[in-house]
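Novice: Protein sequence lines correspond, in order, to chains X and A. Positions 0 to 295 (numbering that gives the first Met the number 0) are the ones given, in order, by the first sequence. Positions 0 to 97 (numbering that gives the first Met the number 0) are the ones given, in order, by the second sequence.
Just to be clear, a hint being listed does not mean it is correct.
[What the hints assert, rightly or not] Heads up, simulated DSS-like pairs for lysine-lysine below, C-alpha to C-alpha not over 27 Å straight-line: (1) Lys226(X) - Lys68(A); (2) Lys29(A) - Lys73(A); (3) Lys64(A) - Lys269(X); (4) Lys233(X) - Lys39(A); (5) Lys226(X) - Lys65(A); (6) Lys242(X) - Lys65(A); (7) Lys68(A) - Lys230(X); (8) Lys269(X) - Lys29(A); (9) Lys226(X) - Lys73(A); (10) Lys39(A) - Lys29(A); (11) Lys6(A) - Lys230(X); (12) Lys202(X) - Lys29(A); (13) Lys39(A) - Lys230(X); (14) Lys65(A) - Lys29(A); (15) Lys134(X) - Lys11(X); (16) Lys269(X) - Lys65(A); (17) Lys233(X) - Lys64(A); (18) Lys226(X) - Lys64(A); (19) Lys73(A) - Lys230(X); (20) Lys62(X) - Lys8(X); (21) Lys68(A) - Lys242(X); (22) Lys29(A) - Lys233(X); (23) Lys242(X) - Lys29(A); (24) Lys68(A) - Lys39(A); (25) Lys29(A) - Lys214(X); (26) Lys214(X) - Lys226(X); (27) Lys47(A) - Lys64(A); (28) Lys68(A) - Lys269(X); (29) Lys64(A) - Lys242(X); (30) Lys230(X) - Lys64(A); (31) Lys65(A) - Lys230(X); (32) Lys230(X) - Lys269(X); (33) Lys6(A) - Lys226(X); (34) Lys65(A) - Lys6(A); (35) Lys65(A) - Lys233(X); (36) Lys73(A) - Lys233(X).
[Claimed, not checked] Among chain A residues calculated to face chain X with C-beta under 7 Å, some are: (37) Asn4; (38) Ser53; (39) Leu56; (40) Leu60.
Because the hints were derived from the structure by calculation, they are not lab data. None of these values were measured; they are calculated from a predicted model. Even glycine gets a Cβ: it sits at the ideal position worked out from N, Cα and C.
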Amino acid sequence: MDQQEVYNKQKKLSLAVFISDLPNMIAVTISAFVSNSLIVWLDFIDSLSGIISDLIVVLLSRKMSRDLRYEYNYGVGKIEAMTALMSEGLEVFGLLFVLGFSVYQLFFPEKPSDLLIFVVVLKVINVCVDAVFLKKQYDINKMGDTHVTQSEVLSEIASLLFDAAALVSLLFVWLLRGNIVSWYISPIFSLVIASVLIVFCIKHIRHAVYELADKTLPEEEQLKILKVLAKHDKEYSSFGSIKSRFNGTSVTIDISVSFAPETTFEEILKFQHEIQQDLSAEIESCSVAVVIDGTE
Amino acid sequence: MTITNRKNGEQLIVSVEGRLDTTTAPQLEKFIGENSDGVKELVIDLEKLEYISSAGLRVLLSAHKKMSKVGTMKVTNVRDEVMEVFDMTGFSDILDIG
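Same shape as in the complex, but just chain A (with noise of 0.2 Å):
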């Protein structure tokens, strides 16, 4: 998994390409951890992510809570295989997809 980011002042985009599944859940963890101080926007960016586990959700879950007390978390470009998956569990109703 390759995480990417940009930052526009309060706005932080986070790019993610690969899997993101048990192995790798953990490094998207800490990266949202680190770099979210301040951060009124995220930005998921799920363009080049082509599976999603009950790991990756967790992280997303814990996210977008966090997100939800300093501002707002957005998941845009969601391939249909992982939009699936956010179907199937209901996140597709607690998250903000664009």
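In isolation and in its complexed conformation, chain X is listed as follows (with noise of 0.2 Å):
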């Protein structure tokens, strides 16, 4: 299947999942707000990051899949990365509330809410729609293996998983509701999960700010660049210039030259083809782009 296809899937996918989670983020704001339970407000931090999330791959999904014109659009993993920071950032702002209350909570505990079994019936149901989605997003993920899709597969496990635990746990709080242990049930596993869930925050947040940050090509490297415009030093006329980059574990060469005019088209494309090629062997994982000032 090709990419432009598998971007196609994904879009609808990721609208369905956008759409499903619209109301389950209604009834988590109500049920957080009647229940009071810091559980139900930790999940309605996570469905809130999750929706923005779903929005943002919603829109990137649908971009992709109408201007793919190559196998690889550049500025893709810019903007997932950007997606992970805005997302997880605010995620992590709300855990740290979270943190604090459960801290609170269990020097001030407080009886559980009588309508805490409705929002056990959510639960309930959130669990078998993340059992579905997970399913079809790894069947997307097995047609077409992108950046995208991955990181939809890691989030619809971990929707399963902090779902199922959630669910766990507010049934332990309604079975337990007459004993004190009840009280502190809530508190107890927020702080547990919060702080597990700020760990993985933090983690996609220095990926992705890893990812983003452009930073010099080290000295041996860009010797290595010059060493090859060297190499085909007979084949273009004027050197202009050497932009290189690398973020992630990528990097980006553009080197700016200029042809005499009785240089062909099928000489340019020689020159580029074999300046890449070179490149390649001599600096992993690097895009090179030769860009033509034009000819003399």
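Assembly of the complex is requested from the two constituent chains, each provided in isolation within its own frame, with the hints serving as guidance.
Specialist: Right, here's the structure in full:
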């Protein structure tokens, strides 16, 4: 299956996830206010972050399926990194509040709300929906493995695990509602899960920042670029500039040169191909663009 | 980095002293750009050049290309440490080193 079809399917599934998450988001918001349970507030934060991320993936997949002219569109990694940075940043902010309230409720516990049973029912539906979407997402990823589909599979697994854990803990709160122990289940569960989620979010944020930050190539690598240019010295007539950078594990090199008027189109293509080939042999994971200034 | 020059008709001799790196390379590039009009023979004397980085090599490559259309460019008195960089990058094959 080609990438365009994968992005089309991803767009449809992400839209379905987004639409199905909307009523859940409304229900979770109401449940959080009614039950005042920290587990439900934790769910609210997770859902909010998920819904923002879904929306961005819908827009991104839509753009990718329309504008996919090349196998790898420039800047996709950056957009994904920005998406992660925004949604994870929001999630960390909310999780810090949950952590604070969890500690507070450990010292000043509250009796669980009698309306919690409705939230339990809602969670059962959530877990079923999550399982269906995970299966569909997994199938899409099998058809075409891209950064977007990979991160969506992970996101669906995380949603399923989170909802399942929340369901179990809410069930315990409900079953033990006559016992004072139930007063502590919600803050303890929230404290543990929020801490784990914060660690994961920070890991994602660090990775996203690493992907976003353009860094100068080490001197040794820059000398390799010049070595390749020296090797092909006779093939171009003037040298403009070299713009090189790396982010994450990818290296981008833009070389600007111009050619003598008698140079044919085939010769320019051959030069471009050889420069790309030689640089790829010297520098791992590098993407080379030869910018032609024109002929003289 | 210090740049000194001497002009003999169509010949321009540029002597570079110190380090030719990211900070100083634009200075040499600007100097050559401003003083090479009408020059048919450019001589770059590197006797007192202690270090050259990729930024310095870019300036030499650019000057070499420019001069190959209107005349010649020669690099002279290259120290061992700089010559090592020229050899490593293949610049010793493309530059006229004397």
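Novice: None of the hints should be skipped; say for each whether it holds.
Specialist: Now for the hints, and whether the structure bears them out:
1. Lys226(X) - Lys68(A): The hint holds at about 22 Å.
2. Lys29(A) - Lys73(A): Status holds; Cα separation ~18 Å.
3. Lys64(A) - Lys269(X): Measuring from Cα to Cα gives roughly 20 Å; hence the hint holds.
4. Lys233(X) - Lys39(A): The given pair, whose Cα atoms are some 20 Å apart, holds under the 27 Å limit.
5. Lys226(X) - Lys65(A): holds (19 Å)
6. Lys242(X) - Lys65(A): The given pair, whose Cα atoms are some 20 Å apart, holds under the 27 Å limit.
7. Lys68(A) - Lys230(X): Satisfied, since the Cα-Cα distance of roughly 19 Å is no more than 27 Å.
8. Lys269(X) - Lys29(A): violated (32 Å)
9. Lys226(X) - Lys73(A): Distance of about 19 Å is within 27 Å: holds.
10. Lys39(A) - Lys29(A): holds (18 Å)
11. Lys6(A) - Lys230(X): violated (32 Å)
12. Lys202(X) - Lys29(A): Not satisfied, since the Cα-Cα distance of roughly 45 Å exceeds 27 Å.
13. Lys39(A) - Lys230(X): holds (25 Å)
14. Lys65(A) - Lys29(A): holds (13 Å)
15. Lys134(X) - Lys11(X): holds (15 Å)
16. Lys269(X) - Lys65(A): holds (23 Å)
17. Lys233(X) - Lys64(A): It holds: about 10 Å lies between the C-alpha atoms, which stays within 27 Å.
18. Lys226(X) - Lys64(A): Distance ~15 Å between Lys226(X) and Lys64(A) Cα, so the pair holds.
19. Lys73(A) - Lys230(X): Holds - the C-alpha atoms of Lys230(X) and Lys73(A) are around 19 Å apart, at most 27 Å.
20. Lys62(X) - Lys8(X): holds (13 Å)
21. Lys68(A) - Lys242(X): holds (24 Å)
22. Lys29(A) - Lys233(X): holds (25 Å)
23. Lys242(X) - Lys29(A): holds (19 Å)
24. Lys68(A) - Lys39(A): OK: Lys68(A) and Lys39(A) at ~9 Å, within 27 Å.
25. Lys29(A) - Lys214(X): holds (26 Å)
26. Lys214(X) - Lys226(X): holds (21 Å)
27. Lys47(A) - Lys64(A): Within the cut-off at roughly 24 Å; holds.
28. Lys68(A) - Lys269(X): Holds: Lys68(A) and Lys269(X) sit about 23 Å apart, inside 27 Å.
29. Lys64(A) - Lys242(X): holds (18 Å)
30. Lys230(X) - Lys64(A): It holds: about 14 Å lies between the C-alpha atoms, which stays within 27 Å.
31. Lys65(A) - Lys230(X): holds (18 Å)
32. Lys230(X) - Lys269(X): With a Cα-Cα distance of about 14 Å, the restraint between Lys230(X) and Lys269(X) holds, given a limit of 27 Å.
33. Lys6(A) - Lys226(X): Not satisfied, since the Cα-Cα distance of roughly 31 Å exceeds 27 Å.
34. Lys65(A) - Lys6(A): Given pair Lys65(A), Lys6(A) holds - Cα atoms ~18 Å apart, limit 27 Å.
35. Lys65(A) - Lys233(X): Answer holds: Lys65(A) to Lys233(X) is near 13 Å, not above 27 Å.
36. Lys73(A) - Lys233(X): Holds, at roughly 17 Å.
37. Asn4: With a closest approach of 22 Å, the Asn4(A) hint is violated.
38. Ser53: holds (4 Å)
39. Leu56: This hint holds: Leu56(A) lies near chain X, its Cβ roughly 5 Å from the closest one there, short of 7 Å.
40. Leu60: At about 5 Å, which falls below the 7 Å cut-off, the nearest Cβ of chain X leaves the hint on Leu60(A) intact, so it holds.
Of the hints listed earlier, those the structure fails to meet are numbers 8, 11, 12, 33 and 37, in rising order.
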